[in-house]
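Residue numbers (this note's numbering), protein chains in the order written: chain A, 1 to 154; chain B, 1 to 463; chain C, 1 to 287.
Quick caveat, the hints were computed from the structure, so don't treat them as lab data. Misleading hints may appear alongside valid ones.
Unchecked claim - Cross-link-like lysine-lysine pairs, in silico, DSS-like; alpha carbons within 25 Å at most:
1) C:Lys-158 <-> C:Lys-232
2) C:Lys-190 <-> C:Lys-209
3) C:Lys-209 <-> B:Lys-165
4) B:Lys-221 <-> B:Lys-182
5) C:Lys-190 <-> A:Lys-146
6) B:Lys-211 <-> B:Lys-300
7) B:Lys-165 <-> C:Lys-44
8) B:Lys-201 <-> B:Lys-338
9) B:Lys-427 <-> B:Lys-207
10) B:Lys-162 <-> C:Lys-44
11) B:Lys-301 <-> B:Lys-271
12) C:Lys-209 <-> C:Lys-256
13) B:Lys-162 <-> C:Lys-89
14) B:Lys-301 <-> A:Lys-11
15) B:Lys-163 <-> C:Lys-42
16) C:Lys-42 <-> B:Lys-162
17) B:Lys-271 <-> B:Lys-300
18) A:Lys-140 <-> C:Lys-190
19) A:Lys-150 <-> A:Lys-140
20) B:Lys-301 <-> B:Lys-165
21) C:Lys-246 <-> C:Lys-190
22) C:Lys-232 <-> C:Lys-246
23) C:Lys-245 <-> B:Lys-163
24) B:Lys-163 <-> C:Lys-209
25) C:Lys-44 <-> C:Lys-12
26) C:Lys-42 <-> B:Lys-77
27) C:Lys-174 <-> C:Lys-141
28) C:Lys-174 <-> C:Lys-158
29) C:Lys-29 <-> C:Lys-209
30) C:Lys-29 <-> B:Lys-162
All values reported here derive from a predicted model rather than from experimental measurement.
Residues per chain are reported as follows:
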Amino acid sequence: MLVELKVNGEKRSADVPPETTLLKFLREYLDLTGAKLGCDVGDCGTCTVIVDGLSVNSCLMLAVKATGSNVTTIEGLANNSELHPLQKTFEDLGALQCGFCGTGMLMSAKQLLDDNSDPTDFEIRDALAGNLCRCTGYTKIIAAIKDAAKILRA
Amino acid sequence: MATKPTKDVIDQKVGIQDTDNSLTGALRVKEDHPVIYPLSLPENDERQATPAVGQSATRSDARLHGLGQTQYIDDIKFPNMIYAKVLRSERAHAKIVSIDVSEAEAMPGVYATVTGKEFPTNSFGPTLQDQPVLADTVVRHFGDGVAAVAAVSEQVAQEALKKIKVVYEDLPVVLDPEEAFKDEILIHGPKSNTYASKVIKKGDVKKALAKADHVFTNRYKTQFVEHVPIEPHASIALWDGNGRVTLWSSLGRITLGREDISRTLDIPQSKVRMIGTIVGGNFGGKNEITNEPILALLSKKTGRPVKCTYTRGDEFVSSTIRHPFIMDYTTGINNDGKIVARKIRMLLDGGAYCSWTGTTIGKGSILAAGPYNIDNLQVESFAVYTNKTTTGAMRGFGAPQVCFAYESQMDEMAHALGIDPLTIRLKNTFREGSLSPTSQTLHSVVVEESLLQASEAFGWNRG
Amino acid sequence: MHMTPMTYEQPKTPAEAISILDECGEKAKVLAGGTDLIVDLKHKPGGVSVLVDVTRIPELQGIEETAEGLRIGSAVTYTEIMTSSVCQKLIHVVCEASHTVGAVQTRSLGTLGGNLVTCVPSADSAPAIMVLESQVTIAGKNGERTIPVEDFFVAPRKTCLEPHEILVSLMIPKKNLGKPAFFLKAGLRKGQALALVNVASSLNVVAGKISEAKIALGAVAPTPIRVPAAEKFLEGLDPTDENLKKAANMAVEAAKPIDDFRSSANYRNQIINVLTYRTLKSCVDAQ
Chain A
1 MLVELKVNGE KRSADVPPET TLLKFLREYL DLTGAKLGCD VGDCGTCTVI VDGLSVNSCL
61 MLAVKATGSN VTTIEGLANN SELHPLQKTF EDLGALQCGF CGTGMLMSAK QLLDDNSDPT
121 DFEIRDALAG NLCRCTGYTK IIAAIKDAAK ILRA
Chain B
1 MATKPTKDVI DQKVGIQDTD NSLTGALRVK EDHPVIYPLS LPENDERQAT PAVGQSATRS
61 DARLHGLGQT QYIDDIKFPN MIYAKVLRSE RAHAKIVSID VSEAEAMPGV YATVTGKEFP
121 TNSFGPTLQD QPVLADTVVR HFGDGVAAVA AVSEQVAQEA LKKIKVVYED LPVVLDPEEA
181 FKDEILIHGP KSNTYASKVI KKGDVKKALA KADHVFTNRY KTQFVEHVPI EPHASIALWD
241 GNGRVTLWSS LGRITLGRED ISRTLDIPQS KVRMIGTIVG GNFGGKNEIT NEPILALLSK
301 KTGRPVKCTY TRGDEFVSST IRHPFIMDYT TGINNDGKIV ARKIRMLLDG GAYCSWTGTT
361 IGKGSILAAG PYNIDNLQVE SFAVYTNKTT TGAMRGFGAP QVCFAYESQM DEMAHALGID
421 PLTIRLKNTF REGSLSPTSQ TLHSVVVEES LLQASEAFGW NRG
Chain C
1 MHMTPMTYEQ PKTPAEAISI LDECGEKAKV LAGGTDLIVD LKHKPGGVSV LVDVTRIPEL
61 QGIEETAEGL RIGSAVTYTE IMTSSVCQKL IHVVCEASHT VGAVQTRSLG TLGGNLVTCV
121 PSADSAPAIM VLESQVTIAG KNGERTIPVE DFFVAPRKTC LEPHEILVSL MIPKKNLGKP
181 AFFLKAGLRK GQALALVNVA SSLNVVAGKI SEAKIALGAV APTPIRVPAA EKFLEGLDPT
241 DENLKKAANM AVEAAKPIDD FRSSANYRNQ IINVLTYRTL KSCVDAQ
């Protein structure tokens with residue numbers, strides 16, 4: 001089936017078997033390997049991308065369902081030619097260790113800050129409930145999101 | 001400083017008309033401008049200058065992580081690459097009567113299959129080489145691989161596994177380590193199920209226990225823990241025309257991996273190139289090979305790069321996990337809270353194969369007495385095979401399990417004797433020059449200072 | 001994991017969907033958000049080869065207030081419910097329950113209707129809509145029918161839907177819009193957790209006496225259940241702690257929790273007691 005959508009502002013398309021998930025579509029057909037496969041059943045959140053403004057588990061969404069949508073992945077997070085404040089604060093605070101959960105975390109954080117410019121700690125934790133990290137204990141990730149929110153509000 | 005990204009509705013310049021408005025409906029489409037390369041990135045700053053101590057430094061991998069450009073094994077793709085899947089036994093203990101891969105091989109899209117008997121040396125392991133690459137005579141736990149398939153896609157490979165016919169003859173199963181210890185059902189027969197042991201002796205524990213004011217006997221048990229690295233195990237193999245095999249792997253210990261490849265495939269190490277990259281979480285679980293020899297052989301047979309990743313289910317059943325410990329602590333302690341003797345017996349659930357049990361039993365035994373001055377000590381530990389997931393290395397190598405035991409018992413004794421839990425620890429703790437359980441003189445010991453500072457910080461009032 | 005090869009249909013009307021389902025029988029499955037179905041298909045293909053995506057059917061979308069009450073299409077997502085000011089105002093308990101489902105990503109795709117169709121005993125949306133006396137509308141080749149939501153659940157993972165039928169919409173009757181109602185869920189975690197127990201209660205206090213108390217329990221019986229004994233008991237009583245606690249005890253009597261790897265029946269009974277009391281108390285305090 002032909003899937004035509006916009007990914008990071010660019011028109012992309014590919015002919016894929018209908019049972020292809022959006023995750024496989026991005027990683028294997030479009031070579032956008034930022035979104036990761038961690039569990040494939042929507043529990044770990046490493047596959048998180050933003051579809052029409054909402055963060056979703058791309059491993060649970062069929063690519064064909066995303067036809068006509070606007071998808072934002074980590075590869076599109078940087079704005080114009082600069083890092084997104086989240087990418088900057090994650091780097092500055094050393095929020096990630098092995099980094100595997102990172103792209104999913106950043107996309108969930110982006111959706112949060114797009115909708116809520118001054119999230120409380122609880123709201124940040126709630127927004128990250130679907131993103132698991134085994135390395136860091138989340139503390140610096142949460143701090144980096146708060147810092148990025150501050151930068152975005154300025 | 002980045003400016004707040006602008007949000008536009010659908011960009012007409014790119015030429016997409018959203019003809020079906022019911023999809024986006026009431027949702028407002030938020031969209032940033034596409035990323036323009038080259039990115040203007042912040043330069044590494046003065047935090048990279050020495051002196052290093054006391055300075056915070058930017059992690060060298062942080063930039064690529066944030067951009068999503070870090071290449072993990074599963075992100076690597078080669079032209080003509082094919083995909084492998086491994087059939088798992090899903091039996092706890094059984095003899096393999098026959099394996100028939102012919103129907104799988106005949107499937108369109110399948111390039112090759114491999115079974116255990118095709119490996120020149122079908123065994124590996126960091127201490128004992130008791131684990132088969134692919135089981136060929138007997139399966140000893142649910143997660144044992146019995147055959148593998150390489151196909152044009154993962155989906156085809158997955159379907160092909162269903163066509164592999166394995167005939168098993170079920171064997172009696174032993175799951176409980178104490179049952180396994182009895183050697184009534186042998187898992188690696190004719191060897192005893194007890195495959196590792198350690199004894200530490202100091203002083204005269206029998207005499208000292210007899211003289212102690214009180215003797216406490218408690219049993220503590222810990223459970224399986226799986227590392228759950230967010231990145232599943234992944235590897236790619238390429239056997240080239242010069243007879244050299246290159247492996248890209250999420251494996252943490254690549255020199256050990258190279259040894260295992262050389263051994264199992266019977267090729268010199270000079271013909272093995274092992275490439276490790278950023279690992280998405282290890283915690284001990286990626287310390288030994290998994291699929292690498294399988295992929296190497298499949299690549300040899302097909303001349304193609306072959307990739308295989310574990311599913312999350314494989315991670316729980318086929319990758320290594322933490323050893324459960326059964327720990328019996330008999331401690332002689334006087335009325336003033338001074339421990340005079342400690343006798344410990346530990347039984348490690350050693351899973352289907354040895355893996356890193358040697359290190360675990362060693363570390364666990366040495367640390368079992370706790371950071372306490374005990375002149376009369378005996379530790380006896382055993383590791384037994386069971387028909388369960390292989391227990392291997394996991395953060396601490398036995399230390400967390402014994403810590404649970406000795407600290408729990410400390411609290412129980414404190415409670416029974418009416419002594420404050422902090423006081424009882426301070427009475428017994430290591431100090432500068434104390435001897436470890438194996439009589440090593442300890443220096444830079446700050447246990448007492450740490451306990452006092454910590455208890456001060458969280459407001460512990462000593463009773 | 002990969003799903004087996006599928007064909008994908010996107011009907012634009014209920015009739016189209018019904019016709020495909022009728023033709024394909026067990027080979028076809030209705031796809032809305034996919035947060036349950038796709039997981040199941042990855043683990044157990046079970047001979048399914050046709051996916052019928054119902055999210056483009058207008059009748060299955062929309063949140064609207066009608067003369068009858070509040071109508072919610074079965075393909076409306078949890079996020080749409082939670083961000084709808086109409087839902088927040090009139091059926092806040094359903095927004096609360098929706099918030100406890102999975103995580104943000106689950107809620108962007110997952111639908112309340114899908115939660116009902118998956119029909120696990122622990123379905124989080126069920127107790128909340130049950131205490132508002134919701135009705136569900138089903139369409140099939142023999143026409144439409146509307147039934148109380150309690151009758152929709154038959155057994156674990158089994159609804160009353162015939163293979164050719166689809167769940168079209170949910171209706172919360174006008175008299176219950178804005179009724180004080182509360183939901184609580186106990187899980188091993190605060191997010192991404194399956195309920196050990198979930199409870200909802202609703203009631204009015206009229207002239208100082210409890211009226212129209214409804215209590216629903218999830219995860220403690222083969223399907224989500226109401227507690228008619230406790231509801232009857234409370235009718236006309238003073239809203240005292242003592243009475244609420246007695247009702248909570250009756251909820252425990254009505255439940256049949258099991259021991260499983262997540263929790264014990266004994267623990268679940270204790271939680272039922274506490275959560276029932278707390279939700280009832282919140283209703284009383286919210287009058």
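Practice task
Take the C-alpha atoms of Lys-301 (chain B) and Lys-11 (chain A), compute the straight-line distance between them, and say whether it is at most 25 Å.
Solution key: With a Cα-Cα distance of about 40 Å, the restraint between Lys-301 (chain B) and Lys-11 (chain A) is violated, given a limit of 25 Å.
Handout entry: Agreement of Lys-165 (chain B) and Lys-44 (chain C) with the hint, judged by alpha carbon distance not exceeding 25 Å
Key = Holds. Lys-165 (chain B) to Lys-44 (chain C) sits at ~19 Å (cutoff 25 Å).
Exercise for the section: Decide if the proposed pair is consistent with the structure: Lys-271 (chain B) and Lys-300 (chain B), CA atoms, cutoff 25 Å inclusive. Expected result: holds (13 Å)
Problem - Satisfaction of hint between Lys-300 (chain B) and Lys-211 (chain B), Cα-Cα up to 25 Å - result: violated (68 Å)
Handout entry: 25 Å Cα cutoff - pair Lys-44 (chain C), Lys-12 (chain C)
Key = Distance ~28 Å between Lys-44 (chain C) and Lys-12 (chain C) Cα, so the pair is violated.
Handout entry: 25 Å limit on alpha-carbon distance, applied to hinted pair Lys-190 (chain C) and Lys-209 (chain C)
Key = violated (35 Å)
Problem - Restraint status (C-alpha distance of Lys-158 (chain C) to Lys-232 (chain C) at most 25 Å) - result: Roughly 29 Å between the alpha carbons, so the hint for Lys-158 (chain C) and Lys-232 (chain C) is violated.
Problem - Holds or violated: Lys-29 (chain C) to Lys-209 (chain C), with C-alpha atoms at most 25 Å apart - result: violated (48 Å)
Practice task
Could you grab the alpha-carbon distance between Lys-427 (chain B) and Lys-207 (chain B) and see if it respects the 25 Å cut-off?
Solution key: With Cα atoms ~22 Å apart, Lys-427 (chain B) and Lys-207 (chain B) stay inside 25 Å; holds.
Problem - Given pair status - Lys-256 (chain C), Lys-209 (chain C), alpha carbons within 25 Å - result: violated (30 Å)
Handout entry: Satisfaction of hint between Lys-77 (chain B) and Lys-42 (chain C), Cα-Cα up to 25 Å
Key = With Cα atoms ~24 Å apart, Lys-42 (chain C) and Lys-77 (chain B) stay inside 25 Å; holds.
Exercise for the section: Take the C-alpha atoms of Lys-163 (chain B) and Lys-209 (chain C), compute the straight-line distance between them, and say whether it is at most 25 Å. Expected result: Violated: Lys-163 (chain B) and Lys-209 (chain C) sit about 68 Å apart, past 25 Å.
Violation of the numbered hints given earlier is confined to hints 1, 2, 3, 6, 12, 13, 14, 21, 23, 24, 25, 27, 28, 29; the remaining hints are satisfied by the structure.
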